[in-house]
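K.L.:
Each chain, letter by letter, is given below.
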Amino acid sequence: MRTVVIQPEYEAWRSAARQLLAQRVPPEDVLWADDAQESPLFMQEEPAQMAAPAAPPVKVPPAFLDLARSAAAHTDARRWAMLYRVLWRLTLGAERHLLSMPTDPDIRQLQDWCKAVGRDIHKMHAFVRFRLVSTHPATGREQFVAWFEPEHRIVRLATPFFEKRFAGMDWSILTPYECAHWDGTRLHFTAGVPRSSAPDEDAQDELWRTYYRSIFNPARVKISAMQSEMPKKYWKNLPEASLIADLIAGSSRRVQGMLETEERSVKPAPNNAYLQSLHALNQQQKSVTPDPGLP
Amino acid sequence: MDVTRKLEILADAAKYDASCASSGAARKDSRGSQGVGSTGGMGICHSYTPDGRCVSLMKVLLTNACLYDCHYCINRRSSNVTRARFTPDEVVQLTLDFYKRNYIEGLFLSSGIIRSADHTMELVIEVARKLREVHHFRGYIHLKTIPEASQDLIALAGRYADRISINVELPSQHSLNTLAPEKNLARTQQAMGHIRGKIDERHAEKRKPNTPKPPPFATGQSTQMLVGADASTDATILGCADQLYSAHRLRRVYYSAFSPIPEPSAILPLKAPPLIREHRLYQADWLLRFYDFKVEEIASPSSPNLDLALDPKLSWALQNRATFPVDVNRAPRELLLRVPGLGVRNVERLLAARRYTRLRLADLIRLRLQMKKILPFISTADHHPARLGLDSDSLRARFLPPPEQLEINFGAPPAPTPADFISARSGEL
Numbered sequence: 001m002r003t004v005v006i007q008p009e010y011e012a013w014r015s016a017a018r019q020l021l022a023q024r025v026p027p028e029d030v031l032w033a034d035d036a037q038e039s040p041l042f043m044q045e046e047p048a049q050m051a052a053p054a055a056p057p058v059k060v061p062p063a064f065l066d067l068a069r070s071a072a073a074h075t076d077a078r079r080w081a082m083l084y085r086v087l088w089r090l091t092l093g094a095e096r097h098l099l100s101m102p103t104d105p106d107i108r109q110l111q112d113w114c115k116a117v118g119r120d121i122h123k124m125h126a127f128v129r130f131r132l133v134s135t136h137p138a139t140g141r142e143q144f145v146a147w148f149e150p151e152h153r154i155v156r157l158a159t160p161f162f163e164k165r166f167a168g169m170d171w172s173i174l175t176p177y178e179c180a181h182w183d184g185t186r187l188h189f190t191a192g193v194p195r196s197s198a199p200d201e202d203a204q205d206e207l208w209r210t211y212y213r214s215i216f217n218p219a220r221v222k223i224s225a226m227q228s229e230m231p232k233k234y235w236k237n238l239p240e241a242s243l244i245a246d247l248i249a250g251s252s253r254r255v256q257g258m259l260e261t262e263e264r265s266v267k268p269a270p271n272n273a274y275l276q277s278l279h280a281l282n283q284q285q286k287s288v289t290p291d292p293g294l295p
Numbered sequence: 001m002d003v004t005r006k007l008e009i010l011a012d013a014a015k016y017d018a019s020c021a022s023s024g025a026a027r028k029d030s031r032g033s034q035g036v037g038s039t040g041g042m043g044i045c046h047s048y049t050p051d052g053r054c055v056s057l058m059k060v061l062l063t064n065a066c067l068y069d070c071h072y073c074i075n076r077r078s079s080n081v082t083r084a085r086f087t088p089d090e091v092v093q094l095t096l097d098f099y100k101r102n103y104i105e106g107l108f109l110s111s112g113i114i115r116s117a118d119h120t121m122e123l124v125i126e127v128a129r130k131l132r133e134v135h136h137f138r139g140y141i142h143l144k145t146i147p148e149a150s151q152d153l154i155a156l157a158g159r160y161a162d163r164i165s166i167n168v169e170l171p172s173q174h175s176l177n178t179l180a181p182e183k184n185l186a187r188t189q190q191a192m193g194h195i196r197g198k199i200d201e202r203h204a205e206k207r208k209p210n211t212p213k214p215p216p217f218a219t220g221q222s223t224q225m226l227v228g229a230d231a232s233t234d235a236t237i238l239g240c241a242d243q244l245y246s247a248h249r250l251r252r253v254y255y256s257a258f259s260p261i262p263e264p265s266a267i268l269p270l271k272a273p274p275l276i277r278e279h280r281l282y283q284a285d286w287l288l289r290f291y292d293f294k295v296e297e298i299a300s301p302s303s304p305n306l307d308l309a310l311d312p313k314l315s316w317a318l319q320n321r322a323t324f325p326v327d328v329n330r331a332p333r334e335l336l337l338r339v340p341g342l343g344v345r346n347v348e349r350l351l352a353a354r355r356y357t358r359l360r361l362a363d364l365i366r367l368r369l370q371m372k373k374i375l376p377f378i379s380t381a382d383h384h385p386a387r388l389g390l391d392s393d394s395l396r397a398r399f400l401p402p403p404e405q406l407e408i409n410f411g412a413p414p415a416p417t418p419a420d421f422i423s424a425r426s427g428e429l
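Line by line, the protein sequences give chains A and B. Just so you know, we're using UniProt numbering here: the first sequence kicks off at 1 and counts up by one. Just so you know, we're using UniProt numbering here: the second sequence kicks off at 1 and counts up by one.
Please keep in mind that the hints were generated in silico from the structure rather than gathered at the bench. Watch out, some of these pointers could steer you wrong.
List time: in silico PhoX-like cross-link candidates among lysine-lysine, alpha-carbon distance up to 25 Å [claimed, not checked]: (1) B:Lys271 x B:Lys28; (2) A:Lys164 x B:Lys213; (3) A:Lys267 x A:Lys115; (4) A:Lys232 x B:Lys28; (5) B:Lys28 x A:Lys164; (6) B:Lys213 x A:Lys267.
With beta-carbon atoms standing in for the labels, derived distance ranges [stated by the list, open to error]: (7) A:Pro199 x B:Arg31: 19 to 29 Å; (8) B:Ile365 x A:Glu151: 25 to 35 Å; (9) B:Met371 x A:Lys233: 49 to 59 Å; (10) B:Leu308 x A:Pro231: 47 to 57 Å; (11) A:Asn271 x B:Ser150: 39 to 49 Å; (12) B:Arg27 x A:Ser224: 44 to 54 Å; (13) B:Pro402 x A:Ser228: 11 to 21 Å; (14) A:Glu262 x B:Ile365: 30 to 40 Å; (15) A:Gly184 x B:Thr233: 26 to 36 Å; (16) A:Arg119 x B:Ile365: 20 to 30 Å; (17) A:Ala203 x B:Arg27: 45 to 55 Å.
For the chain B half of the interface with chain A, some residues (derived, Cβ under 7 Å), not all of them [unchecked claim]: (18) Pro50; (19) Ser78; (20) Ala204; (21) Glu205.
We put the beta carbon where it would ideally sit given N, CA and C, even for glycine.
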């Protein structure tokens, strides 16, 4: 049994896995541990001997690399071992078709992790809220800071999206474990920071809440539909979420108001040349085509 | 009137348009520019309101003043709402401010018709032009167009927008004559035909080798139909949608259940349709587009309305039991797609897996299929549904929803529903 301690990153796992595979170390003989984690007691006995001879290149389907990169961002401690086992089965285990087997428990597990990671990335793209903090004195570029709490280690996977979208402004996205910064030329990463490092409010938040309040239709309340897409755990960092309770509470009163309003009678058409031409056109068309809309 | 108050009025006025898609645009982004914005790939929903709808684009009207008198619409000229009007610059600024804070994917701009179709269209286009040309905005823009506007203006709108749309509103001219006397279905269809022509043209030019890149044009068009404001059946609505999909290759048809508005009109029905009807129409629409169903199979002339209690695929399966059980190890894709509870993606998974193994129930459970739903309709290496009674009368009852539960109410006493008010008002039980 050997223990492999790696930085919790895809690249670290990949180089370790490549060497283990070259040495034909079967998955059941490896114990994987994150460098950041509490070490198991027996770890000191045998630190991994990683100065391996040049290994023959191992070929895996490209789809596996994508799967591995994404699953590696998950926080489940079993991911390294699972990835190595699947790598082993795909190569030395001669199960080349394994990735086409969504019914295989290992593949299923990896896909579940990828799905969770993909969802986390998507929610980060959706729920990051930038706050304007200053304007760069020399370049005149606006500078924004956002705070986000991802569930998994996705900052490096999720931020290229922001680089493409917000190239014209400077921004930082702060998270508890890693921060990303863009200055117009380069995306770089620094260590995580506490919540208090990020600004709380933006001057536009109030206008945004006005929009959110106005676009809500009180006549069709579907709270569970909202919560399945925007779970409560995200609410604390969304400026608009503070309105939700009041909007729900006031909705039936507002609908009642609508239903109790006296109906308005029809106003005759004003003397407008455009409207008159439209009505004349409609009359004409009515006499030609009976009903073009019905298939 | 300040911008906050205008936003309040003009967002409120725009909320009855159900479209929110921000997907399907051409790939573009802001790298190398001083602007912001990117599109292409999946659209993003940046928030959700308690009505369960997503907030993706900033959806506003340029003005809610309108010459038309469409009775289902809160902005019709007979309505007594407060009117407001944005200047193009105000909308531009709001869009940029909201976009930079990552509240939105872009702008959905529509407008009440003032003075004439062309005049209104010009104002709407001016907003999009400024965003694109002055501010280098590369985010998503959806412009609502007016069928009566000149073709040149619609073409110009398409240059700046990622999506353009015209609402058909109601599926027959007969209904429009009563409820929207200014609208005409033939003219709307004609305008959609022109837009399709433009989209196709640009697509064809892009594929020609050795030619300069053609100017941009919107990549798709969509429309909306109102449900429950007239007496149209689901068969009529779906028939109209199906015709629009095939004739004008629309990206989406949105169905919007008519809901009570603050300024009700005297000629509208008192009762709003149940929201579930809208949901069933979307499910049926999905079956038409991705599952190869025909309109007559889902909503036949003899029963033209969808079953509100069961989803349309399940409902079809119960009426066509002779097709089942389907053998998941042998059946072709088109038959697997007909199994209630099996979606497109799971069908692909099953097809992939069965090349290497004979599927058993344990495999299906591992895929987390909805076992209760699919079991009566499939057979596997170790399962045949005969004993579950594919022929029995009680099969339908197995799928009916349990007695209704109240939604969580944040501590408030159970609120009366809109139906309660209607019955109180009309004296109906």
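K.L.:
Now tell me if each hint is right for this structure.
P.N.:
Checked hints:
Simply put, lysine 271 of chain B and lysine 28 of chain B have alpha-carbon atoms about 45 Å apart, too far for the 25 Å limit, and the pair is violated. The hinted pair formed by lysine 164 of chain A and lysine 213 of chain B meets the criterion: a straight-line CA distance of about 22 Å does not exceed 25 Å. Proximity of lysine 267 of chain A to lysine 115 of chain A is assessed by CA-CA distance (about 55 Å); at most 25 Å being required, the pair is judged violated. For the suggested pair lysine 232 of chain A and lysine 28 of chain B, the alpha carbons sit about 33 Å apart, so the restraint of at most 25 Å is broken.
Restraint check: the Cα-Cα separation between lysine 28 of chain B and lysine 164 of chain A comes to about 9 Å, which is no more than 25 Å; the hinted pair holds. Among the hinted pairs, lysine 213 of chain B with lysine 267 of chain A is inconsistent with the structure: their alpha-carbon atoms are about 50 Å apart, more than 25 Å. Separated by about 26 Å at the C-beta atoms, proline 199 of chain A and arginine 31 of chain B satisfy the suggested range of 19 to 29 Å. Range check, isoleucine 365 of chain B to glutamate 151 of chain A: about 26 Å between beta-carbon atoms, so the 25 to 35 Å window is met.
Taking 49 to 59 Å as the suggested C-beta distance range, the pair methionine 371 of chain B and lysine 233 of chain A does not conform, at roughly 29 Å. Evaluation of the 47 to 57 Å hint for leucine 308 of chain B and proline 231 of chain A yields a failure: the beta carbon distance comes to about 29 Å. The hint said 39 to 49 Å for the Cβ distance between asparagine 271 of chain A and serine 150 of chain B, and at roughly 23 Å that hint is violated. Between arginine 27 of chain B and serine 224 of chain A the C-beta distance comes to about 34 Å, which lies outside the given range of 44 to 54 Å.
Judged by the Cβ atoms, the range 11 to 21 Å given for proline 402 of chain B and serine 228 of chain A holds: they are separated by roughly 19 Å. The hint said 30 to 40 Å for the Cβ distance between glutamate 262 of chain A and isoleucine 365 of chain B, and at roughly 58 Å that hint is violated. Under the hint 26 to 36 Å, the C-beta atoms of glycine 184 of chain A and threonine 233 of chain B, about 57 Å apart, miss the expected range. Distance hint check for arginine 119 of chain A and isoleucine 365 of chain B: the Cβ-Cβ separation is about 22 Å, which falls inside the suggested range of 20 to 30 Å.
A hinted range of 45 to 55 Å is violated for the C-beta pair alanine 203 of chain A and arginine 27 of chain B, which are about 32 Å apart. A distance limit of 7 Å between C-beta atoms decides the matter here; for proline 50 of chain B the minimum to chain A is near 5 Å, and the interface restraint holds. Because the beta carbon of serine 78 of chain B sits about 4 Å from the nearest beta carbon in chain A, less than 7 Å, this interface hint is met. The beta carbon of alanine 204 of chain B is not positioned within 7 Å of any beta carbon in chain A (closest approach about 27 Å), and the interface hint is therefore violated.
Interface hint status for glutamate 205 of chain B: violated, as the beta-carbon distance to the closest one in chain A is roughly 26 Å, over 7 Å.
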